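Student: Here the protein sequences come in this chain order: A and B.
Residue numbers for the first sequence follow the numbering used here, beginning at 1 and rising by one.
Residue numbers for the second sequence follow the numbering used here, beginning at 113 and rising by one.
Calculated from the structure, these hints are not laboratory results.
A few of these clues could be false.
For each label pair, taking beta carbons as the anchor points, the in silico distance ranges come out as [as the list claims (entries may be wrong)]:
no., chain 1, residue 1, chain 2, residue 2, range
1, A, Met94, B, Phe581, 37 to 47 Å
2, A, Gln63, B, Lys464, 57 to 67 Å
3, B, Lys420, A, Glu68, 50 to 60 Å
Bear in mind that the values here come from a model prediction, so they are computed numbers and not experimental data.
Where is the CB? At the ideal position from N, CA and C, for every residue including glycine.
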Amino acid sequence: MKGTHLGEFQEVALLTILVLGDDAYGVSIKREINKNIKRDISRGALHTALTRLEEKGLLKSKQGEANEERGGRPKRYYEVTNKGKQALHDAREMRDTLWDKIPSIRLELQYA
Amino acid sequence: MPNKKQLPPKLYTRLFEWFCKEEYFLELQGDLEEEFSENLREQGYSIAARLYKKEVLKMIRPSVLKKVKLNDNNFSAMFRINAKLAFRNLLKNKLYTFINVGGLAISLAVCMLILLYVNSETSYDDYHPNKDRLYRVALDRFYPDHTSHYAVTPFSMAEQAAIDFPEVEAFCRIFPGFGINVTYENETFLENDLRASDKNFFDLFGIELLKGNKTELFDVQNAVIISESTAIKYFGQDEAVGKILKSDLGDLIVTGVAEDTPENTHFKFDLLINLELLNFLQANFVNFSVHNYLLLKEGVDPELINKKYVDLVETYAAGQIERNQKISFEEFKASGNGYNYFLQPVTDIHLKSQLEAEFEPNGNITYIYIFLSIAVFIVALAAVNFINLATARSTERAKEVGIRKVLGSEKRQLISQFLIESVFVSIAGMLIAVGLVYLITPAFNGFTDKSIPLSDFTTAPNIGILAAFSLILGGIAGIYPAFVLSSFQPVVVLKGKMIHSKNGAWIRNGLVVFQFFISIVLICSTLIVGQQMRYMQDRNLGFEKDNILVIERAFSVPDIETFKTEVGKIPGVNGMGASSAMPGSGFYFGASFRLQGVNESIALNCAVFADDFQETMQMELIAGRSFSKEYQDTLALILNESAVSALGIEGDPVGQRVINVQGANNPAGDAVYQVAGVIKDYNYKSLHTEITPMAIFSDESSFGGNVANLALKIDQNQAASIIESVREIWREQAPNQTYVYSFLDDTLLELYEAEKKSGDLFLVFTGIAIWIACIGLFGLATFIIGSRIKEIGVRKVLGATSARVVFLLMNDFNKLIFIAVVLAIPAAVWVMGQWLESFAYRINMMDTWISFVIGGVVSLAVAWVTVSYHSIKAAMSNPVKNLRTE
């Protein structure tokens with residue numbers, strides 16, 4: 001269980017990479033996340049998450065091209081592995097199961 | 113601005129490269145740079161750079177940081193254990209820790225305060241655009257018997273240079289101004305910070321114009337630009353530009369509002385008027401009236417201009433001088449007169465220029481050097497204490513080290529433990545020091561009359577420097593004890609033999625000598641500063657300075673005679689007299705004189721006395737009479753002794769005819785005066801300058817209109833009521849004028865304010881230095897006595913008395929202190945000699961011998977008290993206890 005457990009942020013990162021498809025590298029992932037979850041995450045924090053995910057085998061990465069804007073430094077592209085996709089499915093499934101179990105009345109927002 | 117503004121901050125890139133794991137660096141740095149260039153495009157450099165810095169700092173996290181490389185994989189475990197051990201050790205020895213951390217914190221705080229102070233002093237006039245090309249024209253004026261140095265120079269000196277010298281790009285003149293009354297809507301203020309300048313003031317000086325059009329500021333002759341706070345004072349939140357202020361100079365129309373002059377400027381202004389409004393300023397080359405500034409073209413050596421000024425004087429001033437003096441310029445020069453104009457970089461004015469007629473008293477570069485060395489010494493003392501205390505504790509910790517070695521601790525581990533301990537202490541000291549600085553700064557600002565904002569200093573690089581400094585200090589201070597302690601032979605220490613005190617004895621002795629050397633130099637210096645201050649206060653200045661109340665701007669009263677009669681009726685007023693200049697800070701105009709029948713004329717400082725002034729001030733009359741109602745004094749003159757000899761008067765001076773040569777002061781032509789009396793030389797300027805020849809006109813003479821200061825000799829006990837009574841009379845007779853009064857002795861003290869403050873600072877520093885030296889000594893005594901405890905035991909067993917043992921122990925320290933005294937005396941003599949140089953009237957260094965005696969005795973006494981604590985404890989203890997271990 002421990003090996004595939006996803007933190008909230010890690011889940012967001014994986015999903016974002018899938019959304020971006022072939023264009024998932026540091027800057028674009030960060031930009032997309034900041035856009036979607038309205039939270040200003042730093043590149044450092046993202047790096048930590050990506051490293052963890054790669055260590056767990058949920059992500060794989062490959063070195064990409066360099067360009068002038070980056071001071072001639074290469075990009076690193078990320079891709080979600082099958083294991084990663086499985087982990088996302090599992091996480092969602094677990095949530096759905098729990099969601100289904102909640103009696104609908106308890107989900108009514110209270111405005112008292 | 114090409115490349116630099118398009119690259120991310122280099123320092124942070126380096127920092128990042130330094131801490132980032134190599135395998136990630138390229139990728140992450142690429143990301144950061146990509147984001148940076150995007151931000152640069154969209155939001156500009158400063159925002160992009162700020163975001164970049166933030167991102168770099170946020171990269172400091174475990175997944176990014178390099179693993180610290182060590183052969184020993186257990187390093188982090190070792191670090192943790194050592195840190196814990198160090199912490200426990202520090203807690204166990206609370207006294208030592210307290211002394212060490214406290215000493216370090218205080219000395220670092222002092223050091224930081226000094227650096228803040230030095231920084232604010234050295235940043236004067238740094239904000240002008242082209243400050244490296246902006247100069248003030250200053251003058252060495254040679255007279256036959258003395259030289260004066262002036263900050264004010266003739267009106268045409270810069271203008272003509274700008275016309276004649278192609279190297280000059282622009283010029284600007286500033287007239288230092290005078291106090292005027294300014295009225296707006298029935299409210300009147302006395303404005304003292306009034307200056308007048310040429311039109312290009314705001315192009316040459318870096319003071320920002322907040323409101324108004326730069327090119328049209330001085331389009332009208334009666335324009336005035338006011339400072340922001342002045343604008344608020346008169347107009348509140350209302351628009352200032354276009355308003356009219358009524359003043360002694362007529363109506364002034366506000367054409368601009370400037371920011372308040374920055375604090376670190378050699379001149380300030382609240383009102384800046386058009387130089388053209390002051391029509392008494394006219395083209396001339398001999399009358400010192402304005403501050404002249406030149407902006408040189410790129411790459412021009414100011415020396416070149418200095419040389420060219422020689423010709424300029426020859427070409428333009430010589431004629432005027434010849435007409436005034438009635439002799440040829442060659443003769444004028446031959447008799448010892450001369451003008452040497454030179455350029456001062458505007459950034460040097462505050463610290464390096466001590467001329468007559470500066471805008472305000474300047475700082476002094478000597479103090480900066482003295483304070484900087486004190487800062488270095490105090491930190492050095494604290495570092496020395498570190499070493500001493502840690503070494504001292506080695507006697508107590510030798511067993512611990514022995515046991516750890518036997519149990520298999522490596523030397524490296526021990527060294528790291530001691531280093532960590534000392535770095536702990538230094539970091540704690542630094543943190544407390546920062547807190548102290550934070551607390552002390554407001555008081556320090558009040559004391560030094562500055563407003564150093566702390567926020568200027570809490571920048572990332574400064575914090576980095578502090579952190580690095582405390583690490584390095586901790587490291588350096590820890591190295592010596594670390595290596596000494598870790599090199600103990602376990603077998604030897606465990607057997608109970610303490611380390612020999614001979615080990616590194618010369619280092620420790622050297623440190624003691626060093627500490628006392630510094631303390632003694634400081635003690636002696638403080639005492640000498642005190643002696644000089646007392647000397648100046650007690651010196652007979654040649655006039656009564658106590659119990660003199662000065663009513664300034666007395667000319668504002670329409671009918672001065674009625675005013676004087678009324679004031680004279682106030683009980684407690686024992687006499688009064690008016691003068692154009694009160695001794696000390698008064699202004700003395702210059703005029704040329706020659707003895708009748710002599711061709712050569714010389715310039716004298718001049719003042720105007722009304723009847724009774726000489727008597728009121730109790731200035732001594734050597735010959736003749738003073739001005740008085742009984743005589744017609746229109747053409748009577750009083751000279752001081754120096755003037756009598758400067759004019760070459762032989763025989764009885766009274767009745768001699770002296771000619772006031774036609775010149776700027778009396779354009780009408782030569783006027784013949786008769787010497788009515790001779791006054792004993794009195795210190796009419798500050799004691800920084802010597803008494804120079806002086807001529808005194810009567811207020812009945814053609815110079816008499818402006819006897820601004822009315823001096824009242826009063827009964828000190830009734831001072832407060834007298835001030836109030838005069839205020840009443842003033843209000844009746846001059847309702848629209850500001851009543852300004854001062855006490856002469858206060859005014860004179862202000863002349864030596866800088867010296868007094870540095871004296872007080874010296875005192876504080878000395879206290880701190882002595883305290884730190886004592887701590888060091890305390891630690892050292894612990895060590896030395898600890899290592900001789902057996903010897904003491906043996907001596908006592910063999911019959912030595914406790915007193916004898918104490919004497920023996922003290923003697924070691926006496927020798928060291930003696931050496932320190934011998935070294936300290938020449939150092940203090942040299943430093944204080946430099947300081948005393950700045951006074952024309954100073955104590956003789958030989959007379960200060962008592963300071964050295966006191967310095968030596970005080971340090972010896974302090975050492976004895978400190979050492980005797982341990983000595984007596986050791987000597988009184990039961991020898992059996994100390995000897996039993998063997």
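Student: It remains to establish, for every hint, whether it holds in the given structure.
Tutor: Here is what the structure says about each hint:
Evaluation of the 37 to 47 Å hint for Met94(A) and Phe581(B) yields a failure: the beta carbon distance comes to about 53 Å. Judged by the Cβ atoms, the range 57 to 67 Å given for Gln63(A) and Lys464(B) holds: they are separated by roughly 60 Å. At roughly 53 Å, the beta carbons of Lys420(B) and Glu68(A) sit within the given window of 50 to 60 Å.
The structure does not agree with numbered hint 1 stated previously, though it agrees with all others.
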